[in-house]
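Here's the letter readout for the chains.
2 protein chains.
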Amino acid sequence: MQEHMAADLRIIPLHVPGEIRKGADLATLVIESAEARGERLNTEDILIVTQKAVSKAEGRLVRLEDVQPSAFALAYAAEHNKDPRHVEVVLRESRRIVKMDRGVLVAETRHGFVCANAGVDASNVDGGGALSLLPVDADHSAAELRDRLREVARVAPAVIITDTFGRAWRTGITNVAIGVAGMDPLVSYAGQTDPYGYELRVTVVAVADELAGAAELVMGKTDGVPFAIVRGFQYDPSPGSARELVRDASQDLFR
Amino acid sequence: MQEHMAADLRIIPLHVPGEIRKGADLATLVIESAEARGERLNTEDILIVTQKAVSKAEGRLVRLEDVQPSAFALAYAAEHNKDPRHVEVVLRESRRIVKMDRGVLVAETRHGFVCANAGVDASNVDGGGALSLLPVDADHSAAELRDRLREVARVAPAVIITDTFGRAWRTGITNVAIGVAGMDPLVSYAGQTDPYGYELRVTVVAVADELAGAAELVMGKTDGVPFAIVRGFQYDPSPGSARELVRDASQDLFR
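Residue numbers (this note's numbering), protein chains in the order written: chain A, 1 to 255; chain B, 1 to 255.
Please keep in mind that the hints were generated in silico from the structure rather than gathered at the bench. Keep in mind that this is a model prediction, so the values were computed, not measured. One or more hints might be untrue.
Stated by the list, open to error - Here are some of the chain A residues that sit facing chain B, going by a computed Cβ distance under 10 Å:
1. Thr28
2. Leu29
3. Ile31
4. Thr43
5. Arg60
6. Leu61
7. Leu64
8. Val67
9. Leu74
10. Thr164
11. Pro239
12. Leu253
We put the CB at the ideal spot given by N, CA and C, even for glycine.
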């Protein structure tokens with residue numbers, strides 16, 4: 001239950017000057033950018049990291065000139081005025097197409113995420129002729145970054161890697177968690193009693209997604225702020241995984 | 001564009017002791033609960049308010065004993081082991097049923113929101129034999145509260161009324177905006193150029209939903225914290241409306 005005098009939450013943007021290159025040590029960048037702001041990362045904090053920063057450091061880029069589009073990609077791209085090489089990469093990143101309608105391609109990625117273009121993105125990528133892909137395993141990326149922070153600075157905050165996804169029914173994108181380490185992404189209010197003594201029905205809140213959205217408010221869409229620290233949110237340490245945020249297909253009425 | 005030395009965001013929970021009754025003056029409760037925390041609300045702030053607080057103050061409660069279920073509600077309730085009076089109220093609050101499958105009733109409300117049980121909720125409501133409904137017009141409720149804050153305390157923060165909704169494809173609920181006053185709920189990055197000078201494609205972020213989710217992290221699910229102040233998020237003043245967050249049916253692939 002929320003304490004009555006719950007603490008304030010603080011969300012601290014961390015600015016990284018210049019480009020994040022393949023092989024970059026994100027942990028060192030985090031510590032340096034926190035220091036530049038006069039902040040010190042704590043193990044009780046939650047570190048939010050954009051997918052773009054992780055994908056760049058991991059070299060998850062594909063150059064358009066290296067892509068040979070399939071007949072299917074060529075036909076679809078021609079019909080919807082898209083780059084067939086971009087369509088081809090989206091298809092390669094997809095396990096299944098959920099919707100392919102009105103020029104919008106909603107795909108299920110190999111991780112199980114349902115999002116536009118399987119998370120393949122053309123914006124903000126070095127040179128302009130390249131596409132950025134989601135990390136192969138963003139949970140693993142988050143856990144690695146957490147381990148490296150322990151090595152570099154002897155702190156082990158929870159880590160959430162985020163990307164902005166569209167939603168059914170509501171306009172606009174919001175930032176959500178695609179990789180989690182060190183905390184449970186879901187908080188269950190099951191079995192808690194409300195002030196009247198009634199048992200609440202099982203209520204599970206996707207706090208990792210709310211934390212991701214909160215961080216987006218200070219990170220914006222451009223690349224200058226790839227990290228944010230969330231301070232003051234009490235969480236139970238746990239290995240954690242963004243897979244817990246993927247609704248099982250058998251329970252999904254909209255997949 | 002996000003400034004490189006963007007400000008920290010602070011999210012301040014406001015505790016209200018005791019029950020919010022029909023006719024309660026929420027503006028006075030907000031000011032008093034802020035004072036009790038040593039905080040002063042500013043016009044630059046964003047005030048987040050739970051649906052439950054607004055619905056209680058507006059008397060949006062239905063007593064189960066007053067509900068006469070229809071034949072359809074009786075049949076559906078019998079099949080899924082639900083209270084037929086609860087089902088009846090959900091149907092009355094619905095403009096359309098989106099899915100009625102595996103015991104889950106996803107409805108489109110008169111406002112256009114798509115959510116489980118049309119936002120009708122049994123938890124935390126006085127006496128236990130009552131259901132809480134969404135406000136008739138939460139934009140209007142938000143605008144009224146804003147006007148009243150101007151009267152009572154000469155401040156006019158943006159106001160967001162929130163409720164927790166489930167999502168397609170992802171587990172867990174998140175807090176989203178159902179009423180907005182004083183700010184644009186969407187921020188568009190259209191036409192901004194990224195650090196490489198490329199024009200970003202139109203990217204519209206549902207910041208009101210991200211703000212709602214951020215506030216949930218300090219409000220929790222029980223009724224002790226019906227308000228939160230978000231401080232440090234720069235927004236463009238605008239009348240605002242949560243209707244902007246409802247995807248038009250003609251552009252919705254999942255409605």
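In rising order, the numbers of the hints this structure does not comply with: The structure breaks hints 1, 2, 3, 4, 5, 6, 7, 8, 9 and 11; every other hint is satisfied.
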